[in-house]
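Undergrad: Residue numbers (my numbering), protein chains in the order written: chain V, 369 to 552; chain A, 0 to 209.
Since the hints were derived computationally from the structure, they do not count as laboratory data.
We put the CB at the ideal spot given by N, CA and C, even for glycine.
Any given hint might turn out to be false.
[Said to hold, decoys possible] Label pairs and their computed distance ranges (CB to CB): (1) 453(V) x 19(A): 20 to 28 Å; (2) 545(V) x 18(A): 16 to 24 Å; (3) 33(A) x 541(V): 22 to 30 Å.
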Amino acid sequence: MVEDGSDGVLVRRVLDGDTEAYSGLVARHRERGLRFAAAMLGDVAEAEEAVQDAFVRAYRSLRICREPDRFGAWFLRILVNRCRTRGAMRRRSERVFVRDEAALEHAAARPAGDHEWREEIDRALARLDALQREAFLLKHVEGLEYEEMARLTGARIPALKMRVKRACDHLRVLLQEVDDARDP
Amino acid sequence: MHGTPDDHLISRIAAELRRPVPLRPDFDARVMAAVRRDIPSLPVRAWTWLREPRVVAMSPLGGLAMAAGLAGLLVVGAVSREPIADSRKPIADSREPIADSRKPIADGREPIAAASVTFLLSAPQARSVALAGDFNDWDAARVLMRREASGLWTVDVPLTPGRYRYVFVVDGRRFVADPAAPRAAGDDFGTPTSVVTVGGGALRAAGGSL
């Protein structure tokens, strides 16, 4: 259950000693975090670890969160860096998207075509440069503006636009044929 | 994102990627268990205390450092060979070494020497300055800096060898990286932080002022 109150209210409650209030922030921001990390890392189990790691680091550093009302953006920044660190430790291109039991159960409830479409997307994402994949996900999946992306990644806006463009170009090449076959 | 077939394809890819990822039922519980395990408690009263303006004592060491030209971060020398567990209480010029909690500091066989690191910040207008870093779980309430008459703020912190990130907390709300120290790369938190490396008497960085 997502707690009432703004992120800022929850952050202040935690800083005032109510550790359990942090669970409200976890409930509120876990879904987006897992969605990003799973697409970024290509592994649901590793994505869960990355999100948990990011939540712990965010808690540990909560006092230097400058804008408690924008905890979500701050948390995403931490998560992006966690994913970069984990991604750097192994070559993403060698990985196949691994679905754990929960994921398989979820997937089974969806039409087979949807499942295959997702797998094709995961394979295509795996072939992108990591920074291009990250920029694509932040822009097109998370819906961030370039200014926010620049604050979050530390990269300049022209560089981010180029990464997104190249990611889109690659995805079109890799997935157009698959998409045509799905939707003739 | 509208109009051309290409844009339609990108939209369909994005829509698929926006689907929720299946979540283990105990995910929240595991996160909160990790949080509780990592940080036993937050010293809230000390933090509240820090945010209030107050008069603090003057350090002769800081005056000496000021005379030496605002050397901002000094490894004075090894002060202890006894690793001491992390403490939650505020310190100022404590001789207890603050261990890097991220790595084992002692296995019962080889004690690790701690060096006294002097952190300096010239901030004449500040009413309080504290030091937060990964050596104290970013808890500014635990390391309060002392003001010299000149407006130089200083604190000695015993640190075991390692690489540490830190930031000055001015008046309980402004987070200021050390103007004279290297910035931490890959800053996670959106707040610029500085880096000091302690090891074998090594000295990194110089001081700065606001």
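Undergrad: Could you run down the list of hints and mark each one as holding or not?
TA: For each hint, the structure was consulted:
{"no.": "1", "hint": "453(V) x 19(A): 20 to 28 Å", "in the structure": "25 Å, holds"}
{"no.": "2", "hint": "545(V) x 18(A): 16 to 24 Å", "in the structure": "22 Å, holds"}
{"no.": "3", "hint": "33(A) x 541(V): 22 to 30 Å", "in the structure": "41 Å, violated"}
Checked against the numbered hints listed earlier, the structure breaks hint 3 alone; every other hint is satisfied.
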